[in-house]
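Asks: So the sequence shown is numbered by this note's numbering: it starts at 5 and just counts up by one.
These are computed hints drawn from the structure, not numbers from a lab.
Treat the numbers as computed from the prediction; the structure is a model and nothing was measured.
Ideal Cβ positions, reconstructed from N, Cα and C, are used throughout, including at glycine.
One or more of the hints may lead you astray.
Stated by the list, open to error - Simulated restraints on C-beta separations:
{"hint": "1", "residue 1": "Arg-456", "residue 2": "Gly-675", "range": "50 to 60 Å"}
{"hint": "2", "residue 1": "Ser-362", "residue 2": "Arg-634", "range": "33 to 43 Å"}
{"hint": "3", "residue 1": "Gln-69", "residue 2": "Thr-360", "range": "18 to 28 Å"}
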Amino acid sequence: MRDPRYDILFQPMAIGPLTAKNRFYQVPHCNGGGYRDPSAAAAMRGIKAEGGWGVIFTEQTEMHQTSEITPFIELRLWEDKDIPGLRKMSEAMKTHGALAGIQLAYSGINGPNFYTKEVPLAPTALPIRTFTNDPVQARAMDKSDIRNLRRWFVNAAKRSKLAGFDLICLYGAHGFGIFQHFLSRATNQRSDEYGGSLENRSRFAREVVADMRDAVGDTMALTMRVSLDESIGDLGFSNAEVREFIEMNADLPDLWDLAQGTWEDCSGPSRFKEEAAQEVLVKGIRELSSKPVVGVGRFTSPDVMARMIRQGTLDFIGCARPSIADPFLPKKVEEGRIEDIRECIGCNICITGDMTMSISRCTQNPTFMEEWRKGWHPEKIAARGESENVLVIGSGPAGLEAARTLSLRGYDVALAEAGDAFGGRVARERLLPGLSAWGRVMDYRLYQIGQRPNVQMYPGSELGVEEVLDFGFQNICVATGSQWRADGVARQHVVPMPGLGSLPAFTPDDLMAGRMPAGRVVVYDDDHYYMGGVLAELCAKAGCKVTLVTPAAFVSDWTRNTLEQGAIHRRLAEAGVKIVLNTGVTALRADGVEANCAYTDARRVIEADAVVLVASRASNDALYHGLKARQADWADAGIRSVQIIGDAAAPGPIAWATYAGHRYARELDTGVWGEDWGDTLSFRREITELAVD
5 MRDPRYDILF
15 QPMAIGPLTA
25 KNRFYQVPHC
35 NGGGYRDPSA
45 AAAMRGIKAE
55 GGWGVIFTEQ
65 TEMHQTSEIT
75 PFIELRLWED
85 KDIPGLRKMS
95 EAMKTHGALA
105 GIQLAYSGIN
115 GPNFYTKEVP
125 LAPTALPIRT
135 FTNDPVQARA
145 MDKSDIRNLR
155 RWFVNAAKRS
165 KLAGFDLICL
175 YGAHGFGIFQ
185 HFLSRATNQR
195 SDEYGGSLEN
205 RSRFAREVVA
215 DMRDAVGDTM
225 ALTMRVSLDE
235 SIGDLGFSNA
245 EVREFIEMNA
255 DLPDLWDLAQ
265 GTWEDCSGPS
275 RFKEEAAQEV
285 LVKGIRELSS
295 KPVVGVGRFT
305 SPDVMARMIR
315 QGTLDFIGCA
325 RPSIADPFLP
335 KKVEEGRIED
345 IRECIGCNIC
355 ITGDMTMSIS
365 RCTQNPTFME
375 EWRKGWHPEK
385 IAARGESENV
395 LVIGSGPAGL
405 EAARTLSLRG
415 YDVALAEAGD
425 AFGGRVARER
435 LLPGLSAWGR
445 VMDYRLYQIG
455 QRPNVQMYPG
465 SELGVEEVLD
475 FGFQNICVAT
485 GSQWRADGVA
495 RQHVVPMPGL
505 GSLPAFTPDD
515 LMAGRMPAGR
525 VVVYDDDHYY
535 MGGVLAELCA
545 KAGCKVTLVT
555 PAAFVSDWTR
565 NTLEQGAIHR
575 RLAEAGVKIV
585 LNTGVTALRA
595 DGVEANCAYT
605 DARRVIEADA
615 VVLVASRASN
625 DALYHGLKAR
635 QADWADAGIR
645 SVQIIGDAAA
655 PGPIAWATYA
665 GHRYARELDT
675 GVWGEDWGDT
685 LSFRREITEL
695 AVD
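Could you build the full structure based on these sequences and the hints that come with them?
Replies: See the structure below:
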C-alpha cells in the first residue's frame, strides 16, 4: 500500500493538450543502440511503461541529414522510412498509459557529419565542438538556411506524429542542441535579428515553436529542454539569463525541461554530484511561467522527489539513470515497496554504451538493454529447471546477484564467503573517497537475499575441492573474485616489472586493507579506470606527497566514457597531486621509479619512497581449476555443473560482474552453460534490410 507521503507523485498533470498520469518523467537518454538496435531500444522503453512511468522519452533523434554526430549511434528521423522503427518504440512506450515523447535534435556546431558528408550548419562559423576535437568547422547559417531549418523541424514534427508520439522535446541543452547554440553568446555571434540581445537570440526558438504548433500543436505537446547554466564564463548562457529567457517566453512550450549546462555537469557521477544537485539552479524558475517544469538530479529517494514537488520547485521528477537502474521505480513507490527499489549508484556505466558506440549496461540492473536481445524482464523470471540446488562460492557482486536471482527462480541456494563479511570488492571499494554510493550494489542484494527463505549464508567459509565434493550440491557457481597484481603486469608490462623488491610496492588491495604508504609516493596507473585516481586522492588525504604516473594521455583515461575524467583531474590537482601523463614506469629502484616517455622512451628517475601499482588483476580461479581436474568425481558427488563467473573468470568493472551473476542464474538448467559453445548467437540482433537497386 502506498505511503500517503508520496500521493503527490501520483497526481495527474496536464502538459499542453495531454495529461500525464503521474509525475514520474523519464527524460531523454541514450542507450548505445540508436538506429542500429531499434527493437532492443523499443523493448527497453516498453519495460519502463510497464514499470509505471507517466512520461517516457526517446533518446536524442537526429531530425535531418545536415546534422549528425557520427560516430555516436543515436536515433534518426531523416525520412519517412525511419517512421516504422520509431512507431514500434512509441507503441511500446504507450502500452500502460504513459505518454510517449520524442526528442528532436539538430546538433549544429556539435555535428561533424562524418556519415552524410554535409557541411555542418551553425548560428556562427566556429569549429565543431565534439568529444573528439574533430578538425571540422561549421558554416554560418544565412537567412535561407534558417528558413530551411524551420521547415525541417516542421517535417520532423509531422513524422513524429505519424510515428505515434504524444510529445516532442526540442533539444537545447548540454551544448548539443541548436536552440542552445542560438541562445548562447558563445556560439551565437550574429549581428542580425537572430543575434545580439536575448530577445533576438530567442527568435529562432519562438519561430520554430510557432511553426510546429501550427503543424501538430492541436494534438501533440511541445517541450523545450534548455540548459540551467552553461558554466563556460561570461559569454555562456548563464543561470540568470535562462531565467530571463523563460520569463520573457513564459508560455512558449507546453513544458520547460531544465538540465544543467554540459552533459558532464548534468549527469555527474555520485563521486562528484549528490542527489538533487541541480536544485539551487532550478529553484524559483517554476514561478516565472504558468507551464509545468521538469528537472533532473539523479533522484533515487521518493522523499526527495515528493519534497521537490511539494515545495513547488518542480512539477515532474525527471529521471534518466534512476529509470535505468530500476524501470519499476514508480510502481514500487505506488505499491509501498520502497525497500525493493534498485537505487542508481551514479557510476555512469550506462553512459559508456553511448560513448563507446556499443550497447549500454547498468551495474544495478543487468537486464537493461537485454529485454529484447535476451528476453530478460527486470522483475519476472522463469521457474527453476531440473536441478534443485546451487552452491555459490564468493559473495562479491557476481555471487550476490547469482544467489539473489537463483533464489527467485526457486533454487535452494547456499552462499559461502571465505571472509567474515559479505560483499567482496564492493565492501572494500565503497570505503574509498567518493565511492560510498557504490555500496548500494551490495546493500540491495543482501537485503533481497535476506528476504528469501531458500538462501542460506555462510561467512568465514573458505572452501577447498574436497569440501565442495563432499557437500552434495548439484550445481557449483565459483565467484571467488580477483586480486590486484603486485608485479606491475598490465599493458606496458606483459611480464613482471624489473626491480621488484627494491622499493616498497603496494597494490590497491593493500591500501583498501589499511596498509598505507608514506612520504613520497608514486601511483602508477596502467589500469586507466577509476582506481588509480581514487588511490592517488586517498594517499594525498593521508598526507603523502603524491605523483600520479600514467602511460595514457589522460588521468583515469577510460573515465572519459563515464563523463568524470575532467572532474577527476581537477580533484587531484586540488589535492596537490602531481600528474605525469604519457609516461610509463620501466623499473623500480631503491630511490624511486625509472620512468619513460610513452612515445620516445626517454628515461628519467622520479624519486619516491614507495610506489602504488595499479596494474591488472589476477583471477582467483584455483578452486575452479581444482574442481575441473576432478571432473571424473562429479557424478559420484552428485554434481551436475561447475561454472566460474565474474572477476574469477575475467576481471572487469562491477557491472560486468553483476551481469555475469544474473546471466548464470537465468541460464542455469537451460542448456546454455556447458563445455561447448553453441553455434548460434547468445542474443538476438537486427540486421539492416538490403535496399532494392
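Asks: Would you pick out the hints that fail for this structure and give their numbers low to high?
Replies: 1
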